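Add chain Y to chain A, keeping to what the hints say.
Residue numbers (this note's numbering), protein chains in the order written: chain A, 1 to 455; chain Y, 1001 to 1565.
In short, the hints are calculated from the structure, not lab data.
These figures come from a predicted structure and were not determined experimentally.
Accuracy of the hints is not assured; some may be wrong.
Far from chain Y by the CB rule (all over 10 Å, computed), these chain A residues [what the hints assert, rightly or not]:
{"hint": "1", "residue": "VAL93"}
{"hint": "2", "residue": "ARG134"}
{"hint": "3", "residue": "LYS140"}
{"hint": "4", "residue": "LEU147"}
{"hint": "5", "residue": "SER260"}
{"hint": "6", "residue": "GLY283"}
{"hint": "7", "residue": "ASP314"}
{"hint": "8", "residue": "GLN349"}
{"hint": "9", "residue": "ARG392"}
{"hint": "10", "residue": "ALA394"}
{"hint": "11", "residue": "LYS426"}
{"hint": "12", "residue": "ASP432"}
{"hint": "13", "residue": "SER437"}
{"hint": "14", "residue": "SER455"}
20 Å max Cα-Cα, derived EDC-like pairs, lysine to aspartate or glutamate [unchecked claim]:
{"hint": "15", "chain 1": "A", "residue 1": "LYS38", "chain 2": "A", "residue 2": "GLU169"}
{"hint": "16", "chain 1": "A", "residue 1": "LYS454", "chain 2": "A", "residue 2": "ASP36"}
{"hint": "17", "chain 1": "Y", "residue 1": "LYS1257", "chain 2": "A", "residue 2": "ASP150"}
{"hint": "18", "chain 1": "A", "residue 1": "LYS38", "chain 2": "A", "residue 2": "ASP432"}
{"hint": "19", "chain 1": "A", "residue 1": "LYS140", "chain 2": "Y", "residue 2": "GLU1254"}
{"hint": "20", "chain 1": "A", "residue 1": "LYS426", "chain 2": "A", "residue 2": "ASP36"}
{"hint": "21", "chain 1": "A", "residue 1": "LYS239", "chain 2": "Y", "residue 2": "ASP1436"}
{"hint": "22", "chain 1": "A", "residue 1": "LYS140", "chain 2": "A", "residue 2": "ASP432"}
{"hint": "23", "chain 1": "A", "residue 1": "LYS140", "chain 2": "A", "residue 2": "GLU401"}
{"hint": "24", "chain 1": "Y", "residue 1": "LYS1198", "chain 2": "Y", "residue 2": "GLU1281"}
{"hint": "25", "chain 1": "Y", "residue 1": "LYS1198", "chain 2": "Y", "residue 2": "ASP1286"}
{"hint": "26", "chain 1": "Y", "residue 1": "LYS1445", "chain 2": "Y", "residue 2": "ASP1384"}
{"hint": "27", "chain 1": "A", "residue 1": "LYS254", "chain 2": "Y", "residue 2": "GLU1464"}
{"hint": "28", "chain 1": "A", "residue 1": "LYS239", "chain 2": "Y", "residue 2": "GLU1391"}
{"hint": "29", "chain 1": "Y", "residue 1": "LYS1445", "chain 2": "A", "residue 2": "GLU401"}
{"hint": "30", "chain 1": "A", "residue 1": "LYS426", "chain 2": "A", "residue 2": "ASP150"}
{"hint": "31", "chain 1": "Y", "residue 1": "LYS1445", "chain 2": "Y", "residue 2": "ASP1241"}
{"hint": "32", "chain 1": "A", "residue 1": "LYS426", "chain 2": "A", "residue 2": "GLU441"}
{"hint": "33", "chain 1": "Y", "residue 1": "LYS1292", "chain 2": "Y", "residue 2": "GLU1314"}
{"hint": "34", "chain 1": "A", "residue 1": "LYS239", "chain 2": "Y", "residue 2": "ASP1384"}
{"hint": "35", "chain 1": "Y", "residue 1": "LYS1292", "chain 2": "Y", "residue 2": "GLU1262"}
Beta carbons are placed, not taken as given, at the ideal position from N, Cα and C, and that holds for glycine.
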Amino acid sequence: MQRRRLIQALSAWGLRTGIPASALLAHSVGQSQSQDYKALVCIYLFGGNDGYNMLVPYETAAHANYLTFRPEYNSSTRQGVGVARNALLPLSVQGMGSPQMGLHPSMPRTHARFGSGQVALLKNVGTLVEPVTRSSYNSKRLPIGLLAHDTQQELSMLTTAETQGAGTERGWGSRMIESMNLQGNSFTKVSFQSVNRWMQSPTQSPLVTGANQIIPIVQAGPMAALIAQGNGSSRPFTKAYAQQMAAAYADAGKVNAIFSAHSGTAEQAFLGGSAGRSHGLYGQLLAVAKFLESRQSLNAPSRQIFFVGIGGFDTHAEQFSTHASLLSDLDGAVDAFMTAVQAIGLSNQVTAFTLSDFGRTLRMNASNGTDHAWASHNMVWGAAVRGGVYGRDADWTAGSEDISPYEQMSIIPSISVQQYAATLSKWFGVGDAALNSVFPELPLFGTANLGFMKS
Amino acid sequence: MDSWNRCKAVLLLLACALLTACGGGGGTEGQANADTGDGTVAGLLAAPITEAQAVRFLWKSSFGPTTESIARLRQLGYARFVDEQLGLATGTYSDYLLDKWAPNAGNVEFKFCETTYPNESAGRCYDWIYNRGRAPSIIFLRSAVHDADQLRLRMAFALSQMLVVSVNSDERHAYGMRSYQQMLRQNAFGNYRDILVKVTKHPYMGAWLNLGGSHASRPNENYPRELLQLFSVGTFLMNQDGTYVLNAQGRRIETYKQAHIEAFSKALTGWVFPPGFYSSEAMVVDESRHDKTPKILLNGQVIPAGTSAQQDLETVISNVFNHPNTGPFVVKQLIQFLVTSNPSPAYVARVVRVFNNNGQGVRGDMRAVVRAILLDSEALSPPDNAGRLLEPVLTMTGLVRAIGGTTDGAYLDQAAAAMQQRPFAAPSVFNFYPPDFALPLAGSKLVAPQFGILTMSTLTQRLEHAQNFLWAGSIPAEAGLPVGYARGTRLQWPAAWLQMAAGQAAPLVEMLNVRLTGGTLTAAQKNHIAAQVQSLPATTEAQRLERLRLATFLVYSSPQFMTHR
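Just chain A, with the same shape it has in the complex (with noise of 0.2 Å):
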């Protein structure tokens, strides 16, 4: 069988996808090999991870009393959901006496990243139009489709309260990269996991890509006319898949240089660190380390997002050891993917934080899983994080003020996403003043900077 591959570089052509020809000279090309550099990376966990579980009540009284919510998991019977209190990883934080919370025994990594003030954890985070609470519920707007898949998925990437329509959206990764005026190219946002909602934007596709996969430039030469004829089409669909297509092979060539390349730090560390693991979200953490490495040979910008994330959270069944088997991916995979940030001397400049479609029931259901709930608890890992834990606690009695009237036994987020992607996009440098057109319900939420991050 005759195999014909003619590797032929592409960029003179100039069929880039939507950057405008003037654009602003905020940050030079070689900005990104200065200090200047910071790149953002979302993990998404995808179905609603279950919080609760993630980030647990340590003290005792509050221990058992999170029992009695979900009874703690029987590994002979397999029956119920809760985490044994002799089993968490209790998190010491300086100048607060005892622990109050525990990390769930499958996420030891972070628990001695959090020692080492390299993780922040948030409580109670989720969607909101602007804060409510149990009394106030009927008279306040809340997100829509609470509870639903794709709508929370949407809302956790956009923010906005209402979804405009197609061609309109900008995922908040968008907005922030936008705001900042920079000349970026087609690597400024990269995804391994899919195509995303927090990438979205109507002038600019991210790239998106499968980890670690070489992509099979196919007879470049007779395609070049093709595409360019499909770009001139009056026929939207057509034109739009003319220029997908222009920039796969555009970009091919960069992305599998780096993808073939296995000698270099970032993926010797990582291996080392991952314990030679590069399935699933290891991969994709892989290889943004890889591209993090190589951001020079892409002429990346001084600021680039990437979205990286695995599904399996939507724990509604035999909870116990599902979600075990994920979180502990999670902490082997941010582990080993911080080891490789170090070795390329990235510490303080790269930032992995989790975002999740919503938390889930405190109640454990009758098939030893819990459903589908609102606020949860997150993660962010990094240098230039500064560690501890942030929010408060919801109460949990019955009628509280946090828990949603009519939502079963969901709580009523603290923490609005806005607030803490807004945290997230100060550090990255969107200005002051621009946060409040990237995030517009900022200003409905008391606290702009929920201070997690070092500035």
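Frame of chain A, contents of chain Y only:
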């Protein structure tokens, strides 16, 4: 055809011969929307069908045009062709090794294979019956290429992307998935209410969305939520033309609240898995698990206390089925899967009227709905912004069918997986891509669901797999598959095409332009492809085959082919 229509047809042919606009010429793009006849849908239906028009219609109503189906469609006309398809017997997905599952027999697979199919190794048996995703997808793809009930298969595949179950979960049992998909195929032209009942009761769905075993003490919300959100009424209130109803502040209005989900969850308690699990198509009732309190469904419908699980299921399904939202919510997606991603509100409304009442007072008649979708003027004569990105499965089945050949489905399954659309293996109940994914084009307000899985990898895989297939000619049977099933994939280039490849390139390219894209390549593209092909020698048979491969590949790779109207 009566003498007046014959007269019109002749005049039309003369007119086309004089005008260059009819079939696509000069510097303009191929005119895919030549509105023949008198401009009305009756005229569209009565006028003779060109080969290009036939090709475009078959991309909507089958898994790709073949020489035979093009001829049949042109002979019968659109309406009779559709009716013929509607009347065909339902085909059967292969049940090789999947047919003799013995209920309650424990780990019977190995013994069963060894005794009943001694030529199959236990390992191959086990993989086929249990291997995550491959058997159901492989047998589906074989049917999609070869089976006669093409329109039914398109509907079944569309339904499988709306009423989603997936092997991408703990449910790996191929025979359960095959049973579910065969149920959709069997009922694709039945009534939507029946489909909802059968889907709700099927054990595979009961396992996938946890309805099986749901207990009154803590009703499971997973299935009831998706029944409302994805299978019937949808999240937001719609007008009968598929547009959203907006409140005084210009915002969309939710169709149901959490309280409804809780009521539906209670109503749907009491169903458990039958003995033998997937050997039956329906779960059975355990009344002791059923919640007998009153419930309030949509539109204030009350279920009083003391009703049975069976009664409640029927009431629940009627409640969502009869809700006015279900028509537009279901119809709009069906149009997206068959015809175009952005149907006009008027088009949606016309079809919804048929969903609401098929003309004989019946609601939910899918046979009538499919007819209305395909025989609408907007399907037969699409506007300029119409179209959709061909989903990955269709690109591969279409290629095999257009050229000719045989497949056991395995290679197509690998290709589809690489393009993130392995049939019945969606990553979640939300399918491979959402119905409202925005077309990535500055200034556009169109939706383009299939762009939701178009990445640098999957885009190049479309081309890579086609190239592999076209140049290989024959892909051997896959080693790990049952020897009684696996046959590999084999191309059979039509002799006429090989002959054309010996001559000038331009007619060859034009033929492929019509046969694959329905005549939508521009003159410049055709010239370019012809030049590439012409530059290759054409003396020997091998050289002509080379030309043919290149020509086919380049036409297939064009943005016009990938984005059909």
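Evaluation of the provided hints:
Under the 10 Å C-beta cut-off, the non-interface status given to A:VAL93 relative to chain Y holds; the minimum distance is some 36 Å. For A:ARG134, the non-interface assignment is confirmed: its Cβ lies about 14 Å from the closest Cβ of chain Y, beyond the 10 Å cut-off. For A:LYS140, the non-interface assignment is confirmed: its Cβ lies about 14 Å from the closest Cβ of chain Y, beyond the 10 Å cut-off. Its closest Cβ contact with chain Y, about 6 Å, brings A:LEU147 to no more than 10 Å, contrary to its assignment away from the interface.
The claim that A:SER260 lies off the interface holds: its Cβ sits roughly 15 Å from the closest Cβ of chain Y, which is beyond the 10 Å cut-off. For A:GLY283, the shortest C-beta to C-beta distance to chain Y comes to about 13 Å, beyond the 10 Å cut-off, and the non-interface label holds. Non-interface status of A:ASP314 relative to chain Y is broken: a Cβ of that chain comes within 10 Å, the nearest being about 8 Å off. Every beta carbon of chain Y lies more than 10 Å from that of A:GLN349, the smallest distance being close to 26 Å; the non-interface claim holds.
The non-interface label for A:ARG392 is consistent with chain Y: the shortest C-beta to C-beta separation is roughly 25 Å, beyond 10 Å. Once the 10 Å rule is applied to beta carbons, A:ALA394 is consistent with being away from chain Y; the minimum gap is 18 Å. Look at A:LYS426: its CB is around 28 Å from the nearest CB on chain Y, clear of 10 Å, so calling it non-interface holds up. Even its closest Cβ contact with chain Y, about 29 Å, leaves A:ASP432 beyond 10 Å, as expected for a residue assigned away from the interface.
With a least beta-carbon separation of about 20 Å from chain Y, A:SER437 lies farther than 10 Å from that chain, consistent with its non-interface assignment. At roughly 35 Å, the least C-beta separation between A:SER455 and chain Y is larger than 10 Å, which holds for a residue marked as non-interface. Simply put, A:LYS38 and A:GLU169 have alpha-carbon atoms about 25 Å apart, too far for the 20 Å limit, and the pair is violated. The suggested pairing of A:LYS454 with A:ASP36 holds, with an alpha-carbon distance near 15 Å, which does not exceed 20 Å.
Annotation: proposed proximity of Y:LYS1257 to A:ASP150 holds, straight-line Cα distance about 15 Å (limit 20 Å). With a C-alpha separation of about 18 Å, the suggested pairing of A:LYS38 with A:ASP432 holds against the 20 Å cut-off. With a CA separation close to 16 Å, the supplied pair A:LYS140 and Y:GLU1254 stays within the 20 Å bound. Simply put, A:LYS426 and A:ASP36 have alpha-carbon atoms about 14 Å apart, close enough for the 20 Å limit, and the pair holds.
With a C-alpha separation of about 19 Å, the suggested pair A:LYS239 and Y:ASP1436 falls inside the 20 Å cut-off, and the hint holds. Distance check on the hinted pair: A:LYS140 and A:ASP432 sit about 27 Å apart at the alpha-carbon level, beyond 20 Å; violated. Distance restraint check for A:LYS140 and A:GLU401: the Cα-Cα separation of roughly 14 Å lies within the 20 Å cut-off, and the hinted pair is therefore satisfied. For the hint pairing Y:LYS1198 with Y:GLU1281, the CA-to-CA distance comes to about 8 Å; that is within 20 Å, so the pair holds.
Pair hint Y:LYS1198 plus Y:ASP1286 holds up; C-alpha atoms about 18 Å apart against a cutoff of 20 Å. Between Y:LYS1445 and Y:ASP1384, the direct Cα distance comes to roughly 14 Å. Compliance with the 20 Å bound is thereby established for this hinted pair. A distance of roughly 18 Å separates the Cα atoms of A:LYS254 and Y:GLU1464; the hinted pair therefore holds under the 20 Å criterion. Simply put, A:LYS239 and Y:GLU1391 have alpha-carbon atoms about 17 Å apart, close enough for the 20 Å limit, and the pair holds.
Simply put, Y:LYS1445 and A:GLU401 have alpha-carbon atoms about 41 Å apart, too far for the 20 Å limit, and the pair is violated. Between A:LYS426 and A:ASP150 the alpha-carbon distance is near 27 Å, which puts this suggested pair outside the 20 Å criterion. At most 20 Å may separate the alpha-carbon atoms for a hinted pair to count; Y:LYS1445 and Y:ASP1241 meet this at roughly 18 Å. Taking the CA atoms of A:LYS426 and A:GLU441, the gap is about 16 Å. The hint holds against a cut of 20 Å.
A threshold of 20 Å between alpha carbons decides the hint, and for Y:LYS1292 with Y:GLU1314 the separation of about 15 Å falls inside it, so the pair holds. Between A:LYS239 and Y:ASP1384, the direct Cα distance comes to roughly 12 Å. Compliance with the 20 Å bound is thereby established for this hinted pair. The suggested pairing of Y:LYS1292 with Y:GLU1262 holds, with an alpha-carbon distance near 14 Å, which does not exceed 20 Å.
The earlier numbered hints that this structure contradicts are 4, 7, 15, 22, 29, 30.
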